[in-house]
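Chemist: Take a look at the letters that make up each chain.
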Amino acid sequence: MSMLNVLHLEHSDVSAIAAELQKKRDEMPQFFMQSPVVVDCNPLGEDVNSFDFLALKESLLSLGFIPVGVRNNPPALNKSLAEAGWAVMRESRKPFNDGQTEAAATETNDNDSTVDTANLPTNSTIETSNSVENSDQHLEAQVAPPASNNVKSLTVDKPVRSGQQIYAAESDMTVLAQTSAGSEIMADGSIHVYGALRGRVLAGAMGNESARIFCQSLQAELIAIAGRYQLLDESDTNLIGKPAMIKLLGEKLIIEPLSA
Amino acid sequence: MSKVIVVTSGKGGVGKTTSSAAFSAGLAARGHKTAVIDFDVGLRNLDLIMGVERRVIYDFVNVINGEATLKQALIKDKRVDNLYILPASQTRDKDALTKEGVESIINELKADGFDYIVCDSPAGIEKGAFMALYFADEAIVVTNPEVSSVRDSDRILGILQSRSKVAEDGGSVKEHLLITRYSPDRVEGGDMLGMDDIVEILSIPLIGVIPESGSVLQASNSGNPVIMDKESTAGQAYEDVVSRFLGEDIPLRFVDVEQKKKGFFQKIFG
Chain U
1 MSMLNVLHLE HSDVSAIAAE LQKKRDEMPQ FFMQSPVVVD CNPLGEDVNS FDFLALKESL
61 LSLGFIPVGV RNNPPALNKS LAEAGWAVMR ESRKPFNDGQ TEAAATETND NDSTVDTANL
121 PTNSTIETSN SVENSDQHLE AQVAPPASNN VKSLTVDKPV RSGQQIYAAE SDMTVLAQTS
181 AGSEIMADGS IHVYGALRGR VLAGAMGNES ARIFCQSLQA ELIAIAGRYQ LLDESDTNLI
241 GKPAMIKLLG EKLIIEPLSA
Chain L
261 MSKVIVVTSG KGGVGKTTSS AAFSAGLAAR GHKTAVIDFD VGLRNLDLIM GVERRVIYDF
321 VNVINGEATL KQALIKDKRV DNLYILPASQ TRDKDALTKE GVESIINELK ADGFDYIVCD
381 SPAGIEKGAF MALYFADEAI VVTNPEVSSV RDSDRILGIL QSRSKVAEDG GSVKEHLLIT
441 RYSPDRVEGG DMLGMDDIVE ILSIPLIGVI PESGSVLQAS NSGNPVIMDK ESTAGQAYED
501 VVSRFLGEDI PLRFVDVEQK KKGFFQKIFG
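Those protein sequences? They're chains U and L, same order as listed. Oh and the first sequence: position 52 is 52 in the numbering used here, straight run, nothing missing. Oh and the second sequence: position 134 is 394 in the numbering used here, straight run, nothing missing.
There's no promise every hint is true.
[As the list claims (entries may be wrong)] Part of the chain L face toward chain U, derived, beta carbon under 10 Å:
(1) E363
(2) I366
(3) S413
(4) I416
(5) Q421
(6) I464
(7) L466
[Unchecked claim] Far from chain U by the CB rule (all over 10 Å, computed), these chain L residues:
(8) Q350
(9) I419
(10) S432
(11) D500
Because the hints were derived from the structure by calculation, they are not lab data. Note that beta-carbon positions come from the ideal geometry of N, C-alpha and C, so glycine has one too.
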C-alpha cells in the first residue's frame, strides 16, 4: 500500500469533491490523516481552465490532507497554479521504461494535455488510489529528479517531540537528536537519525523505492519506505534499540544491523 | 536581569501549581524578588495553595483589561519577603489572555525589579498554556513517573521549542525536568517508571525529584507552600530544586529504596 493518494478530477464542482472526500476520509480517518494528495487534471478535459484550484487546496487542507501537487494540467495554468500554492508535477522521462506503455502515453500528451485514457478510473468520480502499482509508478514517471546543482538536504538539530511533524520535500533528512514517540518524520529521500528513533519514520514518501532509513537506536513505532509500512511491534527483528538500516527489497522492508 | 520561568507539563494534576508555589517561595526565601502568576484563568488554584485566597481583590485579567494596576493586583506574601502572587480570575476564561496584555505585565514586573517571574501554566496545550510559556526564558517541565504524563511533557517540550517567543527569535528555552510524586518503592516494584527512564525518554536535564509525600496534600490544604515544611521529604527536595536552579551542584535525595531504608535503620539504632 502506498501513502500517496491520487485524486482524479472528473468534474469541477469543488464542494461535491470535498463532500466525497470527506466520506472517504471518514471511512478510514487514521489512514488518510495528513496523507499527501496529488491531483490529476486529466479527466477534467477542457473544464480544467475554469477549475478553482485554490478552493480545492483549502478543502483538502481542511479535511486534513496535504495537497502536494497537480499533474497533467495544461502548461498555461502553471502560473495560476503556482499562485494558488500548488506544485506542478512536471513530466519527465522515466529512467527505465520496462515496457510501460503508460509512461509513453503520458509523454505524448505532455504538450496538449488532451484526454489520457491509459489510466482513467471508469466508475468512481474520485479515486483515492492506494495501490502501489497505481500511484507509485505514476510518480516515478512524473516527479522530476532534482537537478544536480539543486540537491537539497534537511538537517534537524533539535529533538522531534511528540506531536511534531517534519517533512523534507524532495530531500534527504538528517536528525541529530532523538525523535519521540508520537512524532513523525517524513522525507522524499533517505532519513538518518543519530539520536534514538522512537516516532514514525517515512522515507521515500513520494515513492522513491531506493530510499533508506538509518538510525543509531531503532525504537520506532512505524517504519515506511515508498508507502510500504510496518509497525515495529509486529516485526520479528532483534535490532530494537540497536543501530539499524531499513531498506526495501521487493515489497518487503528489510531491517539490517548497521555496523562498520 | 530578570528571568521568566514557566512551570508546565501538558497533563493535569501532576503538581504544576504545587511546584510553582514551592519554587517561587524558595527563590523568594533566598532573597530574590519573585512574582508568581496564575495562568489558569477560570479555575484559580494558586492563591489557594499559597493561602492568599481571601486577600484577592483584583486579578490578572483585571490588570490586562486595565481595570486595575499591577500594584493593586499583586498580593504580597506575609510569610516570605520578596514574594508576590498575581492571582487568576475565576469569572473569566482563557480568551481574556492576550499576548499584548501578558507581555505588558511581564515587562512591568521586569521594570519593577523582579528577579524571577514564575508562570504557573494550566494543563493542556490550549491558549492558557500557550500564553504561560510564550514569554518564558526557562521552563520547568513537571512530570509524573507514568507514560501519559511523560508523553504530554514531550509534547509540551515540542511546543516550547517551536512556538515560544525565544524559539521564534531563533533561540531555545532552557529546559529543566522536575519529576514529582516519585515513589522509589513502586519504581522498584516495576509499576512506576524509573527516573532514568524518564530522563532518557525526554532527554533534558533533571533539576529534581520530589518524592510522593502526604505532606504535599497537607500543605496544599493549609495554604502553605510545601517548601516551608522543612521536616518533609518533599519540602527538602524542593529546597534542592531551588539550589540547583541557582547553580549549586548537589546530589539527588529520596530517590533510592536503599537510602530510605538506611534512614529508617539509622533512626532506630542511631
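Chemist: It remains to establish, for every hint, whether it holds in the given structure.
Modeler: Evaluation of the provided hints:
no.: 1; hint: E363; verdict: violated, 25 Å
no.: 2; hint: I366; verdict: violated, 25 Å
no.: 3; hint: S413; verdict: holds, 9 Å
no.: 4; hint: I416; verdict: holds, 8 Å
no.: 5; hint: Q421; verdict: holds, 6 Å
no.: 6; hint: I464; verdict: holds, 9 Å
no.: 7; hint: L466; verdict: violated, 16 Å
no.: 8; hint: Q350; verdict: holds, 30 Å
no.: 9; hint: I419; verdict: violated, 8 Å
no.: 10; hint: S432; verdict: violated, 7 Å
no.: 11; hint: D500; verdict: holds, 26 Å
In summary, the structure is inconsistent with hints 1, 2, 7, 9, 10 from the numbered list given earlier, while agreeing with the others.
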